[in-house]
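K.L.:
If you read the protein sequences in the order shown, they are chains A and B. The first sequence begins at 1 in the numbering used here and counts up by one. The second sequence begins at 1 in the numbering used here and counts up by one.
What the hints contain is simulated information worked out from the structure, not anything from laboratory work. In this text, all values refer to a predicted model and were calculated from it rather than measured experimentally. A few of these clues could be false.
[To be verified] What follows is a list of derived Cβ distance ranges for each label pair:
| hint | chain 1 | residue 1 | chain 2 | residue 2 | range |
| --- | --- | --- | --- | --- | --- |
| 1 | B | 80 | A | 9 | 25 to 35 Å |
| 2 | B | 20 | A | 71 | 42 to 52 Å |
| 3 | B | 8 | A | 67 | 30 to 40 Å |
| 4 | B | 15 | A | 96 | 10 to 20 Å |
| 5 | B | 53 | A | 39 | 27 to 37 Å |
Using N, Cα and C, we set each Cβ at its ideal position, and we do this for glycine too.
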Amino acid sequence: ETGVTQSPTHLIKTRGQQVTLRCSSQSGHNTVSWYQQALGQGPQFIFQYYREEENGRGNFPPRFSGLQFPNYSSELNVNALELDDSALYLCASSSQKVGTGNSPLHFGNGTRLTVT
Amino acid sequence: QKEVEQNSGPLSVPEGAIASLNCTYSDRGSQSFFWYRQYSGKSPELIMSIYSNGDKEDGRFTAQLNKASQYVSLLIRDSQPSDSATYLCAVNDAGNMLTFGGGTRLMVKP
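This is chain A alone, in the form it adopts within the complex (with noise of 0.2 Å):
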């Protein structure tokens, strides 16, 4: 069984720049969640998407959006990046809308975006 995976592994762009991370989830989940590390701190919740359907998003600003595919794998995009933006950006899939049944997230080895 394929787990998730994350592309790239490590990225760097500059200020005002623009990325997209991309995310595939495993095999038989249709949900897809997004979380933002930044050093040192826990991981914050950006967004999930189930069934191609944005489904709930943490404080974070219009410039980060995504998408889900039919196949249920996803994109995270950041518009106008800022320094404050270098993290490791985490990918997570289940089978279920979470905290629906009690479904842990699995996350993908994550991609570490560093913004210059």
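Use these hints to put chain B onto chain A, whose structure you have.
P.N.:
Structure of chain B alone, referenced to chain A:
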């Protein structure tokens, strides 16, 4: 605002000892509780989940939940140097997100 609090540590224990990691949460409606282990530079790995009051054991790990006190803990018996990592407590309230604590760094010394 929902909060999950953990002592950042580091918590230092000798090899073979019991490591005790603690977490408190603010939302009384929380229903699901998770412990993740995160090695430096890696992504979080789920090690325990607990949904009802009491203890849940899995190998060397025991999770303890007390909803009345809004407290969840993780015990690691016979600690090994390979257990050295940051341990993240996460809480879900049947919504769409997990709320994570800041993590406790555990150091197991040979």
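K.L.:
Would you mind marking each hint as holding or not holding in the structure?
P.N.:
Right, here's what the structure says about each hint:
no., hint, result
1, 80(B) with 9(A): 25 to 35 Å, "holds, 28 Å"
2, 20(B) with 71(A): 42 to 52 Å, "holds, 43 Å"
3, 8(B) with 67(A): 30 to 40 Å, "holds, 35 Å"
4, 15(B) with 96(A): 10 to 20 Å, "violated, 40 Å"
5, 53(B) with 39(A): 27 to 37 Å, "holds, 35 Å"
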